[in-house]
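Protein sequences appear in the order of chains B and R. First residue of the first sequence? That's 1 in the working numbering, and the numbers climb one at a time after it. First residue of the second sequence? That's 1 in the working numbering, and the numbers climb one at a time after it.
Errors might be hidden in some of the hints.
From the structure, some residues in chain B lie toward chain R, with a derived Cβ separation under 7 Å [stated by the list, open to error]:
1) I38
2) L94
3) L176
4) V177
5) S183
6) I185
In silico DSSO-like links for lysine-lysine, alpha-carbon gap of 27 Å or less [what the hints assert, rightly or not]:
7) K127/B <-> K144/B
8) K210/R <-> K207/B
9) K207/B <-> K144/B
10) K120/B <-> K64/R
11) K168/R <-> K120/B
12) K96/B <-> K210/R
13) K127/B <-> K210/R
14) K168/R <-> K127/B
15) K96/B <-> K207/B
Because the hints were derived from the structure by calculation, they are not lab data. Quick caveat: nothing in here was measured; it's all calculated off a predicted structure. Glycine residues also receive a C-beta, built at the ideal position from the N, C-alpha and C atoms.
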Amino acid sequence: MNNEGKGDIPSTGVAPEVKPASVQKPQRFFGEQPLPAIEMAPRVLRYQSRRDFLVFGAGALAALAGGGFLLPEDTLSRMGMPRNMDSPGKEWFLNKALRIDDDVAEALYSVNRRVPTYAKSQITPLKNNYNGTTPDPRYIPGWKLTLDGLASGLSISLDIRTLLTRFSVHEQITRLVCVEGWSAIAWWAGPGFDDLLRAYPPMSQAKWARVESSVNLDASGNPDPYFMSLDLATARHPQTLLATHFNGQPLTVDHGAPLRLLVPVKLGLKNVKAITRITYVAEEPRDYWAERGYSRYDGI
Amino acid sequence: MSHSTLPDCEPKSTSTLPEQLGVLVVRKHHFLVRWSHWLNVPILLGLILSGISIYWASPIYQHKPDPNTGNFDVAADIGIWICAHVPGQHHYSSPPDWIYNHMSLGPGMLALALRLHWLCAYLFMLNGMVYVAGLVRGGGWRSLLPRRTDLLDALRMVRYYLGFPFAKLARRQWPHPLFNTKYNALQRAAYFSVPVTGLISVATGWAMHKPMQLDWLAALFGGYNAARVWHFWLMWIYILFVVPHVILVFADGWDTLRSMIVGWSTRAERSEVVGNEQ
């Protein structure tokens, strides 16, 4: 009976109702049970093995094909496999994965959950991360923030003096996290985005803000307007600021003088410097980095 | 990788079985365990390759920029060294990129690497659930649990592996330590710690991915920056595991490799050893 395990079945002469497997109980829950040996007809075993080898082989081929399909062209050509097709299917598939991740991020977000704040002693240096060239500061004196898509139907322009006198200033020391992986703890101050939304309510169907900087430059110094989508649920977060001050001083041109978005629940690339226009819209607006293969929601 | 010191005892076994002439096998791996085991190969490869591509965007280990190359990444230094000293690599077009071109998808493709990393990460988590489901349904989880005698047994196995090549050279007998469990203590330690590593990799991944919404998780690992360091070094555990894992599977033989595909092994006598003990 050694194939059945311990073979402690009482010999009543009648076949036991219960299977032997359940009779051989006095087994500790965590105790390892011996692997039961099974007698298999060689023909059945051969058939099952052939089936498993074929199925697993097909799986291996599918994995290889999938890898070749998904790998970047640069990588493939370095491996000596030049390929000249940017298939729309691949884009669709990878974007699907990205959207799932964005949906997860959106589900995790709560307007009531504050991000951690830090002490002044924990502040770390923050580099000038202008993607390209830092703009010529001559835009600053004539700078205005334009609001579009308001409930009033008007287009409003505000200068920095008006903004600072109309709204109370919030201060916070929070971490700014870059998509590249580095981060910096910095001390920011400025009006809350939520206060701006209350003072100038967006049109009722608006769900998004398009936040734009027209002064952004590309790497060779040519105008390269920066635009970014921000869901209004995030704009209403109590720690989403229109920052005017950095480390207790008015923003310098490096950090987006005179007004930048500070949204610590998003990746750094959503924290638009030198905002010139905010437009409230019903449909998700275009996004500078989403068009370059990054995610759209970027909630962290 | 189960071991036996007994010869094939098929004839002996059949004597106690019904008349049909069959092959005595044991079911070693539930089919969900087998599938998730092999799926880990492309998924982990994708995670590591895309992960190193992501690492390049902001290396954890940096030094002051080198005046000649402008390089500040310690990993890229290795590539520069290889290009300078390894024959055949002297004319490599971009020495700092050597390591990224050979150990990742390549440098300067952060957006693509992130997309692949998220894709593989979700697949890895799903696959982990499949694996756990297979362990539970097949009961295999019990064979992975550490036990009190493991430390001593592991030392016996280390002694066996260390002495094995010398015994072979000296043509001396070098018996494999006897045990009556599915895995020996070293295997158990390895097969137990890899799923745990997977769990911590996933946890540190989420801590880095959502440091604001899941700040408690980042705090568990010592904060956002520390979670990045954890995540980086956990990768090495997979690499350090895979090398001996593959070597030992081939050393152990076809039956062991095949059992991860078909699920059964003909090393069935071991269950008798266990049975006889009772």
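**Request:** Of all the hints given earlier, name the ones this structure violates by number, lowest first.
**Result:** When the structure is compared with the hints, numbers 3, 6, 11, 14 turn out to be violated.
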